[in-house]
Amino acid sequence: MPDLPSDYLERVYAGVLGKLIGVYLGRPFEGWTHQRILKELGHIEYYVHEKLDVPLVVTDDDVSGTFVFPRALLEHGVSADITSENIGDTWLNNVVEGRSIFWWGGNGISTEHTAFLNLKKGIRAPGSGSIETNGKTVAEQIGAQIFIDGWGMVAPGNPELAAKLAERAGKVSHDGESVYAAMLLAAMEAEAFVSKNVDHLLDTGLSFIPRESQLAKMIAEIREWCRDDKDWLKTRERIEEKYGYHKYCGNCHVMPNHGIMVLSLVYGGDSFHEAMHIINTCGWDTDCNSGNIACLVALMHGMNAFEGGPDWRGPLADRALISSADGGYSINNAVRIAYDIVNMGRQLAHEKPLDAPKQGAQFHFSLPGSVQGFMATRHSLTPDLVKVENGKDATGQSALAIRVKGLTRASGSVEVLTQTFTPPEIVKMKTYDLMASPLVYPGQTVQALIRADKSNSNSVDVRLRLKVYSKGDELVTGDAPAVLTLAPGNADILKWTIPDTMDSQPIQQLGLALSVPSGHLNGTVWLDYLRWDSTPELTLRRPLNGPSDFWRQAWVNGVSEIKRWNQGPAFYVAQNDGEGIISYGTREWRNYTVTVSNFRVNLGAPSGVAVRVQGLRRWYALLFTSGGRIAFVKSIDRSKVELASAEFKWELDRSYEVAVTVVDTTLKAQIDGKGVLEASDDRFSHGGIGFVVTNGSVSAEEVRISPQK
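Under my numbering, the letters of the sequence shown match residues 128 to 836, in that order.
Simulated from the structure, these hints should not be mistaken for laboratory data. Don't take every hint at face value.
Said to hold, decoys possible - Label pairs and their in silico Cβ distance ranges:
id	residue 1	residue 2	range
1	691	172	25 to 31 Å
2	165	729	55 to 61 Å
3	693	321	30 to 36 Å
4	539	671	25 to 31 Å
5	441	179	17 to 23 Å
6	128	676	47 to 53 Å
7	729	173	49 to 55 Å
8	691	725	17 to 23 Å
Claimed, not checked - Here are the simulated PhoX-like cross-link-like pairs (lysine-lysine), alpha carbons at most 20 Å apart as the crow flies:
id	residue 1	residue 2
9	767	795
10	485	514
11	357	374
12	263	374
13	519	532
14	532	485
15	581	514
16	178	557
17	166	178
18	622	598
19	622	485
These numbers come from a predicted model, not from an experiment. Positions of the beta carbon are idealized from the N, C-alpha and C atoms, including for glycine.
Put together the whole structure using the sequences plus the hints.
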């Protein structure tokens, strides 16, 4: 194993940013031809989402798959020997059928959909994605390539390992030329940590795929065209003529798109900005191609890639949406993703994971220019009143700089917030659903270290603020009671234990509100960190404040139906065939009791209450089973392990109060206030809660979560 680069973390952060920028830049016009792009949008040199009335940061398969699938290393052990079968099991644990990550275009049309169905019916990877199983057309679409960047980034300077991991990951769903493209790209990305020479990177990638492959032959031809043409528009025409979509079967073949990626790298590899211009103006699968090239070129040049051109980072603000069955990983940011990738890469290199910055604060702003989703709410009277950026505070640490100019008492307060749950603009997102649970909850204690710059013109009042969904899915403001008044040069910590007064609604944003007690303020308020600790303490039920829907969307939906009636049981969950689960919460939850009132099995078994949920197929549950029994069951991928069981003559349609407690390695269950079962296991130490239902339906009126020591 080569030594890790000294700038490994910053390079990965650049690569993650590149991937996000590239995908979100190309997403609004995905599938357009070069000719249509020129006619309707012109040359693509900056974000165009506003022209097409869509959000910038959206749910997209290119982002979700790229950053979910390498987490197979966490689920199955961080090892270079991870198998295609392991990664396929991670698919089944994290992909919500018909809803998350993929384009669900149909069996034999969407390669990922086809492979998922194969996995579901027991065809294990790599058979699930092979040409033998699915045919050449399906197996050689673009998907293996678009999901591959994470595997390159966990193997810095080690293209051989990157190619091996990419081959195993790619073969879950693809085969042939598509897998070669994934291997080549991952090897180039691994080598980009030590070289920015385009020819060397291409030669490195080519050394890991067969010389006789169609991909290798196409790349050789395109490189020759580039040397002769010295004009990317002319070379693009040649690629379209010889390798265009009309030459291949299927919806989105890898070959045409890889061809224009090579073109963009050769002509634009020395400049992130030019690479983005070329790859997006070329057309076809723009979000996929742009995301891969952006990640590679950003890895080549590091954080300098984003300098000297358009402001790619400002509108992005580090934000990422990752739709999977891990609802606590869905509302994400480039800093968190980068740390996760780097720590997997360090373990592959037999190094210890990095210490979490600032004692594990979720928002710490430690990486260059990072804002981790914090943005200023546009002030209605004075739009330029506040600016948010990263900087060095008086202690020399990186922190979030909130620059205020001309804030007066008449201005009211200004807000600087970050998303902690699904944004309202989800209604404008097409194609890909967002599966998400909130990041922060009632009962948790929020802390923020605030510094007032010594050059400030006045004292400033600072308080913690959140936005929570309410009646009609409108966002309403909630403020902490404590107000911190900081004179210039002073610092202090704000604390707030969030009360359970949110009417069971999800908290969508969290951050700070700034105001002045008198006079006016010009200056900077520094947010050193923002964190939350402890297990939530809250009650979940149908909101009392009127009709709304986001409270239901806070549950990751892995079942056939969650009924949306505004009468009857608050939770009414059905699974038409086999086993399903809905889940709520994050993998950070540890020791707690979940109490479910009026829990009923209406039809089917085994069904019950799950704890420490880590996806669709990894959890503990107290299940009501056939034959008048209850059991503590551990689900781990394809297996179910009964930890303990007891006779309990439960009945269909009868309501029970079910309480499950998990403390360290002990699981205890009560039904109607009486202890009925206990078990011990050490496989899952953290995770959210849920309902498991098999071939039928369950319902409940209320769910209470309370911490345990």
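Requested in this report: Mind listing which of the numbered hints don't hold for this structure, in increasing order?
Outcome: 1, 3, 10, 11, 14 and 18
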